[in-house]
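Undergrad: With the hints as a guide, bring the two chains together.
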Amino acid sequence: MDASERVGEVFRESYGKVLSHLLARGFDLLRSEDAVSAAFASALTDWNDATPPNPEAWLCRVALHRVIDIERRERRITPLESLAEAADPTETEDPTMFPDERLRLFFLCTHPAIAPEIQTPLMLQLVLGMSAESMSELFLMPAATLGQRLVRAKRKIRDAQILPELPNPEEFQQRLPSVLQAIYGLYSRDWGTTEPTEAMDLARSLVIASEGDPEAMGLFALLLFCESRRAVVRDVYVPLSQQDPSDWDPEMIKSAEQLLQAAAAHKSPGRFQLEAAIQSAHVQRAFTGLPSYVQIARLYEALIAVAPTTSNRLGHVAATLEANGPEAAHALLTKTQLTEPYLPYEAVCAHVALRLNDLAAARNHAEAARALSKDTKTAAYWAEMIQTIQNP
Amino acid sequence: MKYGLIFYETSAQFSERESESAGQYWGAWSAYIDQLDDAGVLVRGAGAGLQVPGSATTLRATAGELTIQDGPVADTKEQLAGLVVINVPSLDEAMTWAKLAPCTEGGAVEVRPILPDPS
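Residue numbers (our numbering), protein chains in the order written: chain D, 527 to 918; chain B, 1461 to 1579.
Accuracy of the hints is not assured; some may be wrong.
[What the hints assert, rightly or not] Cβ-to-Cβ under 8 Å is the rule here; a few derived chain D residues that face chain B:
1. N580
2. I640
3. D685
4. L689
5. A849
6. P852
What the hints contain is simulated information worked out from the structure, not anything from laboratory work.
Model, not experiment: these values are computed from the prediction.
A virtual CB, placed ideally from N, CA and C, is assigned to each residue, including glycine.
Looking at chain B on its own, in the form it has when it is part of the complex (with noise of 0.2 Å):
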């Protein structure tokens, strides 16, 4: 069963990747990965990190009339970070993966399941 992880921050999670603990902050996060990775369960190719939410654009269409907006769909606390899949056989360890990911602490981590392959 797959499920995604993705990843939410809070403003001063996403400002650390400027910051002078920067290293610390990447080094976490590659070291999360490659647990994943190392315990068979990462779907390689499957999920991205994402750049500050402050880069994103919106789209949206009325009616055929579009509007763009600066900025990411939604203006909360916790915005969008990343995602990555993974493969485990129950939700319950889905969430065991999610509890040790770096922006559980202050963040947030939805776990989600993949929709299944349609064939």
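The shape of chain D in the complex, shown without the other chains (with noise of 0.2 Å):
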């Protein structure tokens, strides 16, 4: 791998916790966002013979520094920065170790005084680091308007003086979803490639920073069941009802399992909590050798009821196929709209119509799946999906 190779993979980790580390100091948003890229610019030429041992702590500290800089440029350095100065980090310290510096930056961007619409995009930028260019598909807006509508954002911040600080307990309360939501995507876009550990830290943090709030507790225990079989689908993918529940790790379950149920003892269902129920519920196989399907779909109603998204539709509908059969689910597929092109849907019709004993139609699915699949693990399932569909 050459520098810029690993350059990249730490920017992906780490350029949320460099930037946080600063404002964490009283660094200006704007000026520190120069200052972090100037850092990872830096990476590029200074990592060529070999990475520091600590990667992280080496751009925050080259980040500290030229913010520094930039500040003496523009204008007197302040008490509180001079401050920061003096706590310039070493080598060893390790910046990983303040997960709240970096939760006050989720809280920072969803602030009631930054526009609704650009508080995700926003996010996204400050913690992970993502151009205008690149969420311009995502939001569906052209890329200039993205990033105009980000600088006006963060000038705000600057001039309005909205500070990195977590916003006080009624505050946090309506702040959090958003916050929870941002850590899910981070978790996500990790799952696939790399060790989401970021996320994780996050998760666990937001349920210290929350004092127990049952949400957070259900985000952190929803991750801990996926994080608990992500071994089994690092080089193959296999679907949840064919893996050998042995294979799963049993501490992460059993964390999972306590924080689920000291959630639950709040009595204040939501989202989360039941995302991770039902994970609890697949887990259930790893004991009793079956799943209960039927708890399971009660479940994914009770989560369509507070998130009715098309992904919890299609969990319910694969959850129906199992426990009333290829006929009720098939019902209720004839009832999901689809808006465009969805993975998730072709795998779901496939196996319904594969039940059905529609094997047309189960190969025409099977084929739009693999053509859907974004990764040689998923393509390579449905490449054997098909061949066996037409050699039974």
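TA: This is the structure in structure tokens:
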């Protein structure tokens, strides 16, 4: 791996950590962004021979020096900032010890003084370093427009002095759902490619920062359930129903179950608790040999009531297929409207058609699923499925 | 950090000034200003209350040609009623004070950062 590949990898994982490190020390948002970009640029040349032992600490140190330089050039250093200068981190200091700083960055982006429609793109940019170009498709907005709105939001944060602080308890509750959603998005992004340790750290800190909010515990439980099975699908795609429960990590499952129970004691169910409860029902197979699909289908009904997404509706169809048979599942599928091609939809249709013995339809949906597969593991799974349908 | 708290009132709120409840109306405003002052956040002498919008005159010039209009700049549901300047560490604190203004319910308060001292 050359320096640019190594820097690219660290960028994905560490951009938000380095930025929040500067913001937590009272530096201005726009200057901090410039300094972090400059630190990554230095890494491209300085890491040619070897990556430093702690790349994040290296980046924090270089970015901090850079932002102080920028401040000096543009105006006087204020007392708060010279304090930050004194607290210069050393090579050995580990910035990953302070996930709270990154949480504050998430909460900053959810401030009610920032337009709601720009909050998610802003989180992705400040925490993950995503550019307006790369997000333009995701938010169905021209890159130039999105870029201008991001700049406007960042200027407002600077000019109106919106500070990266955790809000008071009442505000915290209002802004928590967006932060939970962002952490879940971060986990999903990393799931298939790298170790999603960043999302796990953030979810854990959020449980602590929220003093055990049931939905924060629900999210952390959900991520632990997903993590407990990640090793199984690292190299080859295996559908959940075909995985061997003995391959799942029992420690993570135990922690997840405990969290879910603690969350349930609040008697305030929500989207993430329900998603975690569905995972828990699947995991029951590890103990009883059979998951309770009737229970899973009911949990999906409750989940759809609070989060009526296509993905949740398809989960409901898949559970109904096992609980009530293919006719019931097919009836639900006919009510599912799609606006664009979607792999999980084709996958569920293929399985339902197969159970209805409609081999032609099963093959069509499996072909569509293969065409929509974004990675070779998933494509390989569907290619094999097509083979099986042709030569049963 | 200094912020302007810019108060907007509806015509119903403005008309309270001349009604039977005028005492309550003025009492609420002076209690609010006292509260800001007692907390040490009010920048004294930097704000003012304004007379009713009907007392305003608006001037505009286009290519040297002056037009004069009887009334405020825009005929909107909420009209400018006054402003104060406060000095607090963050937008969140400025918003906390803004929420307490007598005109927030029914009318509106705009929180706007004051331009920094050019020196």
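Undergrad: Decide, hint by hint, whether the structure agrees.
TA: The hints, checked one at a time:
no.: 1; hint: N580; in the structure: violated, 32 Å
no.: 2; hint: I640; in the structure: violated, 10 Å
no.: 3; hint: D685; in the structure: holds, 5 Å
no.: 4; hint: L689; in the structure: holds, 4 Å
no.: 5; hint: A849; in the structure: violated, 49 Å
no.: 6; hint: P852; in the structure: violated, 55 Å
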